[in-house]
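J.: The opening position of the sequence shown corresponds to residue 1275 in our numbering, with each subsequent residue numbered one higher.
Wrong hints could be hidden among the right ones.
[Unchecked claim] Below, simulated DSS-like cross-link-like pairs (lysine-lysine); rule was C-alpha separation at most 27 Å, straight line:
| no. | residue 1 | residue 2 |
| --- | --- | --- |
| 1 | Lys1759 | Lys1633 |
| 2 | Lys1465 | Lys1675 |
| 3 | Lys1620 | Lys1425 |
| 4 | Lys1473 | Lys1288 |
| 5 | Lys1425 | Lys1759 |
| 6 | Lys1775 | Lys1620 |
| 7 | Lys1351 | Lys1337 |
| 8 | Lys1711 | Lys1759 |
| 9 | Lys1633 | Lys1312 |
| 10 | Lys1326 | Lys1408 |
| 11 | Lys1347 | Lys1337 |
| 12 | Lys1775 | Lys1735 |
| 13 | Lys1287 | Lys1363 |
| 14 | Lys1775 | Lys1759 |
| 15 | Lys1473 | Lys1408 |
[To be verified] Derived DEER-like restraints, expressed as beta-carbon distance ranges:
| no. | residue 1 | residue 2 | range |
| --- | --- | --- | --- |
| 16 | Lys1312 | Phe1703 | 17 to 27 Å |
| 17 | Ile1781 | Lys1359 | 57 to 67 Å |
| 18 | Lys1429 | Glu1348 | 20 to 30 Å |
| 19 | Asp1534 | Ala1681 | 37 to 47 Å |
| 20 | Glu1578 | Asp1708 | 54 to 64 Å |
If you're looking for bench data, these hints aren't it; they were derived computationally from the structure. Yeah, the Cβ is synthetic: ideal placement off N, Cα and C, and Gly gets one too.
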Amino acid sequence: MSLKISKAIEILKKHDLLVSSSVSDDSLEVTNISYNSKEDQTNGIFFCKGNKFKAEYLDQAIKNGAKIYVSEKEYNKDIDRLIVKSASKALALLSSEYFGNPQNDLFIVAFTGTKGKTTTSYFTYDILKNAYPKQVGLFSTVDRIVGPGPKDEFKSDLTTPESLDLFHDMRTCVDNGIKYLVMEVSSQAYKKNRVYGLKFDIGGFLNITPDHIGPNEHPTYADYLNCKKQLMVNSKVNIINRQTNDYDTVYAAAKETSPDKDIYRFAKNEVGDTDFSIRNKESNLNDSVFTYTAESDKAEDLQEHGEYTYQLGLVGDFNELNAGAAITAAKIMGVDNEVIADSLKKAFVPGRMEHINTKSHGTIFVDYAHNYASMNALLSFLRREYPSSKIKVVVGGTGDKGVSRRAGFAQVLTESADEAILTTDDPGFEDPADICKQIDEKIDHTKVKVKTILDRPSAIKDMIEHSSGDDIVVLAAKGNDPYQKIKGVDVPYASDPVVAKKILNDIEG
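Please model the entire structure based on the sequences and the hints provided.
T.: This is the structure in structure tokens:
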């Protein structure tokens, strides 16, 4: 891979990003690109980005071989430079060019939403990989799948990675024969320009509720919504949950760049002005059955018959809306209905409603539900299905971000839980005890029994040991995460399902 500096200057000028350039030889062609000064920079272009960037990072990059740097400010260094209005936008555009614009060789389906992104992405991935074997990639909060083999699957660090890493992985996908890519797009991806310049073939808007509001994320809900709706502006075909909050704003964003024929709305039950409707027929702790009905002429054009019935192999009728988005995307792509039905019946999403049976310690669910909206959907479903069971929850709040979630956890535990253990979940640079205290202070202790055990495996062990019969144990908010983020370090963690199964093996044999 390489990038001609003359081409880089041309791209930056085209997007009105170039402030000035000081290049000794514009025929220079770099063969390395990086924003991490610790990496090998031999014959490379280095990006000075981030609010915490320090001049010594550039010194280290130069020492490691960088030939030119890109920055929003000029540093007094004897090296070529490109000064730009936005280093993050420049990184996205030049990374794309460096890796040969791999997005042009992929059909990309993207989803955004406060909840359901990962589940919907996995549903879509499962459908497409059955329709197009060995040709589908996945970029999700949980996994990154860049090829057909086991060596091509690895754990994700971010929901949507930095643009350089994103285009690197897209190039890997293309080189591995991938033609279709399913990915999650977070609000931070637009806030931090990680997907700047990308146009998606299909974009799905699932829902939005107040979340990710705080000093390290979005300053206001309006900013959060504005970032979320950018997926609609930057997608050729749009899929929208007709029942999302701020629907009019989201729909208007879609209409900015897409004609009405390329905007599909779906909803649950009786909702006017929609293209597809979803109606639950049956749900329990094993699966759910629902109908998916065409309600408009353009919807009928996508499916041979007006109504289909699907069985979803994932617990929770609240997942039917996620399935609806995946079905709509697949139908737009022309996937056969038998493939869709078979894929959904066998659907599995790591860390999402993972069901663990016990001999005598109740029923355990592991789920990534990590805000009020997703926790409320999960616990409300369990309460409806098993009104006589005690619902017991192990949960913790993340540090450094998502501060607003803490009050949400307290609210949903008060509303729907019988017992709760507060514990550690990616505390970052905060004290996990303080996070738990902030949650605990807002819980109504007359309605739910609460205690705090900071060591997460110990918290899970305590809850399982004190559960029996018809009890429902929910290990929430962490899913399959294989580490705890503590003071800037990813500390290995076995994951909630592994911890729970080991505890059960020890106490039940």
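J.: Evaluate each hint against the coordinates.
T.: Hints, one by one, checked against the model:
At roughly 33 Å between alpha-carbon atoms, Lys1759 and Lys1633 are farther apart than 27 Å, so this suggested pair is violated. Only pairs whose Cα atoms come within 27 Å are accepted, and Lys1465 paired with Lys1675 is accepted, the gap being roughly 15 Å. With a C-alpha separation of about 23 Å, the suggested pairing of Lys1620 with Lys1425 holds against the 27 Å cut-off. The suggested pairing of Lys1473 with Lys1288 holds, with an alpha-carbon distance near 17 Å, which does not exceed 27 Å.
As the CA atoms of Lys1425 and Lys1759 are separated by approximately 25 Å, the hinted pair is consistent with the 27 Å bound. Pair hint Lys1775 plus Lys1620 holds up; C-alpha atoms about 22 Å apart against a cutoff of 27 Å. Only pairs whose Cα atoms come within 27 Å are accepted, and Lys1351 paired with Lys1337 is accepted, the gap being roughly 12 Å. At roughly 19 Å between alpha-carbon atoms, Lys1711 and Lys1759 fall within 27 Å of each other, so this suggested pair holds.
Simply put, Lys1633 and Lys1312 have alpha-carbon atoms about 51 Å apart, too far for the 27 Å limit, and the pair is violated. At roughly 41 Å between alpha-carbon atoms, Lys1326 and Lys1408 are farther apart than 27 Å, so this suggested pair is violated. Proximity of Lys1347 to Lys1337 is assessed by CA-CA distance (about 20 Å); at most 27 Å being required, the pair is judged to hold. Annotation: proposed proximity of Lys1775 to Lys1735 holds, straight-line Cα distance about 10 Å (limit 27 Å).
A threshold of 27 Å between alpha carbons decides the hint, and for Lys1287 with Lys1363 the separation of about 12 Å falls inside it, so the pair holds. Proximity of Lys1775 to Lys1759 is assessed by CA-CA distance (about 23 Å); at most 27 Å being required, the pair is judged to hold. Of the pairs offered as hints, the one joining Lys1473 and Lys1408 holds, with about 24 Å between alpha carbons and a cut-off of 27 Å not exceeded. In this structure the supplied range 17 to 27 Å holds for Lys1312 paired with Phe1703, their Cβ-Cβ distance being about 21 Å.
Restraint check, Ile1781 to Lys1359: a C-beta distance of roughly 60 Å satisfies the suggested window 57 to 67 Å. Range check, Lys1429 to Glu1348: about 38 Å between beta-carbon atoms, so the 20 to 30 Å window is missed. Checked against the hint of 37 to 47 Å, the C-beta distance between Asp1534 and Ala1681 comes to roughly 39 Å, which is consistent with it. Our hint of 54 to 64 Å for Glu1578 and Asp1708 holds, since their Cβ atoms are close to 57 Å apart.
The earlier numbered hints that this structure contradicts are 1, 9, 10, 18.
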